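Chains A and B are the protein sequences, given in the same order.
Just so you know, we're using numbering that gives the first Met the number 0 here: the first sequence kicks off at 0 and counts up by one.
Just so you know, we're using numbering that gives the first Met the number 0 here: the second sequence kicks off at 0 and counts up by one.
Treat the hints with caution; some may be incorrect.
To be verified - Under the rule of at most 27 Å between Cα atoms (straight-line distance), these lysine-lysine pairs were calculated in the DSS-like manner: (1) K488(A) - K441(A); (2) K105(B) - K165(A); (3) K511(A) - K337(A); (4) K624(A) - K514(A); (5) K45(A) - K105(B); (6) K399(A) - K337(A); (7) K399(A) - K443(A); (8) K337(A) - K504(A); (9) K123(B) - K164(A).
Unchecked claim - Beta-carbon label-pair distances, calculated as ranges: (10) V253(B) - N295(A): 48 to 58 Å; (11) W645(A) - V247(B): 57 to 67 Å; (12) N295(A) - R99(B): 37 to 47 Å.
Think of the hints as simulated: they come from the structure by calculation, not from any bench.
Remember, predicted model here, so these are calculated numbers, not experimental data.
No residue lacks a Cβ here, since even glycine has one placed at the ideal position from N, Cα and C.
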Amino acid sequence: MMGTMNLTRSQPASSPTALFHEFFSMNLDEGSSPFLTPSARLWSSKLTLKTSFLAAIILSAAFALSWTPYIAFSYFLLLFVYFFAGIPSLIEAVEDLLDFDVNIDVLMTFAAFSSVFIGGSFEGALLLVLFSLSGSMEDFVVEKAKGSLNTLHKLAPTRATVFDKKGHPYERSIQDIVIGTPILIRAGEVVPLDGLVIEGTSSVNLVHLTGENLPVRKSPGDQVPAGAQNLEGTLTLSVTHTSADSTLRKIIQLVTQAQESRPRLQRWFDRFSRAYALIIISLSLFFSLILPFVFNIAYLGFEGSVYRSLAFLIAASPCALILALPIAYLSALSVCAKKGILLKGGVILDALAQCSMIAFDKTGTLTTGQLATDEVIPLHDNTTLLNATELLSIAFALEKNAVHPIAHAINRLAKEKNLTAPPLTEFALIPGYGVTALVLFKGKQYPVYMGSFDYIKNETSPSKAAEIEKIFNQLREQGKIIAVLRIEKDLFVFAFQDTIRRGMKETIQRLKSAKLWKLLMLTGDHEVNAKAIADSLGIDHFFANLRPEDKLDHVTRLSKTNGLAMVGDGINDAPALSRASVGICMGKVGSGMAIAAADVVLLHDDLDQLDWLMVKARQTQKIVKENLAIALLAIACATIPALAGWIPLWVAVVLHEGGTVLVGLNALRLLR
Amino acid sequence: MGNSHDHFKGKGALAHVVEAQARGIIAASEIHGTEIPGSLSAAFDSARDVSVFSCILILFGQLHFLPKNNLFFEIILLVVGLLIWKTGRSAWLAWSRLERLHDLLKEEHWEIEHNRDQEREELKILYHAKGFEGELLEQVLDVLMADNDRLLKVMIEEELGLSLEVHEHPLMQAIGAGLGSIIAGSFILFGYLVWPFAGAYIAGGVVIAVSGYLSGVYQNIHLVSAVVWNLALGSLSVGSVYFLYNFVKSLGWVS
């Protein structure tokens with residue numbers, strides 16, 4: 000097995016094997032090709048965007064030279080514009096046509112290349128550059144969005160420890176593991192497959208799945224989902240779902256489905272552009288065939304129907320229309336970015352303008368998600384005569400090396416109070432329950448235990464146990480988490496509570512008083528805790544005990560009926576953030592997965608910027624509508640006279656470009 | 000075993016591995032026909048092409064096919080045309096190769112995800128050939144099969160015979176081709192300016208000889224043979240044009 004141990008050593012992050020994962024999750028993107036050297040991979044970064052900018056620079060140079068005696072050289076440069084910006088479009092257009100898909104890409108490419116034949120090479124080149132720039136920016140955004148699934152895949156272990164015939168543990172790919180196979184989960188490991196505990200007791204943290212950062216005890220007979228982190232003991236699970244059906248896999252599927260089901264405006268624009276392209280191309284063909292019969296003109300020549308139809312096609316190419324949406328959104332996006340609000344695409348602003356509800360995740364969003372030591376309550380007469388600080392010192396000694404959230408709370412408080420941990424002997428971990436030790440304090444040795452009351456319940460009289468349970472229930476109703484410290488015979492309760500984020504109460508009040516949205520809270524936490532937090536913040540509506548799929552159902556329903564902005568931070572929020580009309584995530588505290596799945600990222604975690612964002616979203620929507628009207632008007636003004644032969648092509652081009660300039664200037668108002 | 004038959008396409012696992020290695024070698028090979036770094040290969044190849052084409056153009060000038068007074072600019076235009084062609088084509092060839100490699104990787108990844116038993120059989124043959132046997136062989140297979148990414152690396156390197164993280168970016172190869180064209184073109188133009196016609200032929204010969212020599216050094220082949228064969232091919236090409244012209248002229252087909 001020594002050979003096995005050496006071979007199973009994990010690969011460094013930059014190894015080719017680590018690259019495979021990225022390469023496939025980025026849909027075979029050249030920038031993560033395992034065959035290229037690391038420096039060569041950098042060359043591939045945003046290559047289409049760089050090429051588009053290069054084409055734009057060459058076009059500018061060609062245009063400048065066209066006003067000098069070196070006009071012939073400007074045509075030489077134009078050749079490169081057509082090559083860099085036009086050939087990729089041409090390939091896509093031909094592929095679309097082979098699939099019988101006539102869309103706006105085909106129309107633009109056809110119009111741009113046709114313009115060469117009627118002396119409009121610059122117009123065609125401009126169309127291609129604008130088209131190439133908008134396409135490469137879209138690719139860039141899509142590439143960023145794909146990073147979300149990569150984050151989740153990295154969380155999911157790909158191997159599990161199983162046992163050979165002699166009972167020796169070894170690793171297997173989770174794909175090779177069938178239902179019923181026993182798998183070993185060591186302390187600190189993430190559970191790779193859903194399973195039922197058949198041996199061992201330990202605490203697991205389900206923060207990635209439920210958002211609740213709390214230790215949950217698991218003992219034989221309990222179900223443990225894939226993605227849970229085993230905190231201290233060793234567990235043996237009997238696999239209940241294969242890798243294809245595991246809980247984590249389902250979350251990945253939910254995010255994928257949610258990402259694929261948006262956005263509405265984009266779908267509308269796709270449908271519109273398809274219909275528009277088909278109508279314009281059909282009309283061009285129709286006019287080129289029919290005009291000689293209507294106006295008694297020839298097919299060929301500068302007054303011919305083919306020339307006029309091509310002029311119509313170029314004038315109708317949706318240059319301003321294509322610019323109408325992105326330039327408005329781009330202006331709004333840049334002003335938002337200056338305020339520390341990142342939006343993943345302009346259509347998000349449109350969706351935000353439609354929202355009438357805001358749903359908040361509880362843990363990590365409204366609260367910090369970190370437990371804080373709330374109070375220490377003695378349950379018996381304090382025969383050891385220790386005060387609260389001394390009790391905390393002993394608790395600190397017991398928990399200083401532990402990793403679960405309760406230990407973190409104790410350790411934080413002890414460090415704040417600058418306490419020193421007294422020496423321990425005979426320290427023992429009781430997986431799933433707590434820890435025991437002998438503590439040397441003030442020259443005397445005390446046997447101590449800290450953890451769950453269940454472990455010492457049998458050593459307490461039934462009447463005393465019932466009395467203690469009553470106190471526990473009262474604390475739980477206040478939304479508190481409990482741990483017991485026993486020193487000799489004395490019992491003390493440490494109560495912990497999730498802390499509300501600083502300034503959140505004021506933020507919620509401001510949002511309520513704006514009367515723009517109905518506010519509600521969605522949480523995986525139990526109802527008592529949820530109510531306590533909702534009451535203290537003044538949120539009127541809440542849903543508790545929600546699994547990720549329940550949260551997703553609520554968000555889907557509310558998004559359809561009201562338009563819902565969902566604010567969250569955890570991996571468990573990712574499907575809901577993707578499915579909501581608008582997913583909003585706080586950048587500083589959010590998990591990588593939630594940030595990737597959200598539509599809006601508040602870089603400074605400043606939720607009071609929401610009302611400003613709403614106004615900007617409405618303003619953007621208004622300007623987009625104005626721009627669409629200007630673009631359509633410009634197209635109408637250019638196409639009809641060009642077709643009728645009332646105006647020469649250059650006038651049609653000026654009208655066409657005039658519309659483009661107006662659209663641009665109008666959009667710049669959003670920068671204010 | 001139905002799946003196994005489909006996967007191996009009626010061949011045994013060993014024959015499948017041999018075939019896969021051959022496919023890997025074909026996918027990784029360069030159209031320029033060498034295994035030296037792509038940018039250098041492209042540079043030498045471009046330099047040779049530009050030299051031969053320029054010499055043929057100069058020959059046309061010498062034979063009065065083209066007006067002699069414009070020959071200098073005609074050479075420049077030819078070099079520019081060739082520069083763009085060689086640069087672009089070199090990049091395209093490199094991207095095509097990368098696409099082929101990505102297709103192979105994708106195919107192998109799919110096999111690992113869906114034909115695990117067959118992949119294990121192939122691994123067994125590869126590692127049996129390395130001297131692993133019995134329980135140790137099974138242990139090695141278990142370890143390799145446990146991690147799909149590591150398994151993919153093993154299959155790519157050992158079954159397909161490909162190397163990871165060694166290829167230059169296609170644009171780097173294109174730059175190599177472009178520089179080769181520029182250096183060769185400049186050298187020939189300089190030769191033409193110093194000693195019209197003869198100077199250009201000599202410069203073209205020097206470029207062909209030097210690029211043949213450097214290719215030989217990188218490929219570790221016989222240097223004299225590399226230089227002489229390249230010069231001979233260039234001379235054969237230009238000489239053929241000259242003597243065929245004389246033949247056609249003797250028939251009275253050209254004046």
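Checked hints:
no.	hint	result
1	K488(A) - K441(A)	18 Å, holds
2	K105(B) - K165(A)	37 Å, violated
3	K511(A) - K337(A)	26 Å, holds
4	K624(A) - K514(A)	26 Å, holds
5	K45(A) - K105(B)	22 Å, holds
6	K399(A) - K337(A)	42 Å, violated
7	K399(A) - K443(A)	21 Å, holds
8	K337(A) - K504(A)	26 Å, holds
9	K123(B) - K164(A)	20 Å, holds
10	V253(B) - N295(A): 48 to 58 Å	52 Å, holds
11	W645(A) - V247(B): 57 to 67 Å	58 Å, holds
12	N295(A) - R99(B): 37 to 47 Å	58 Å, violated
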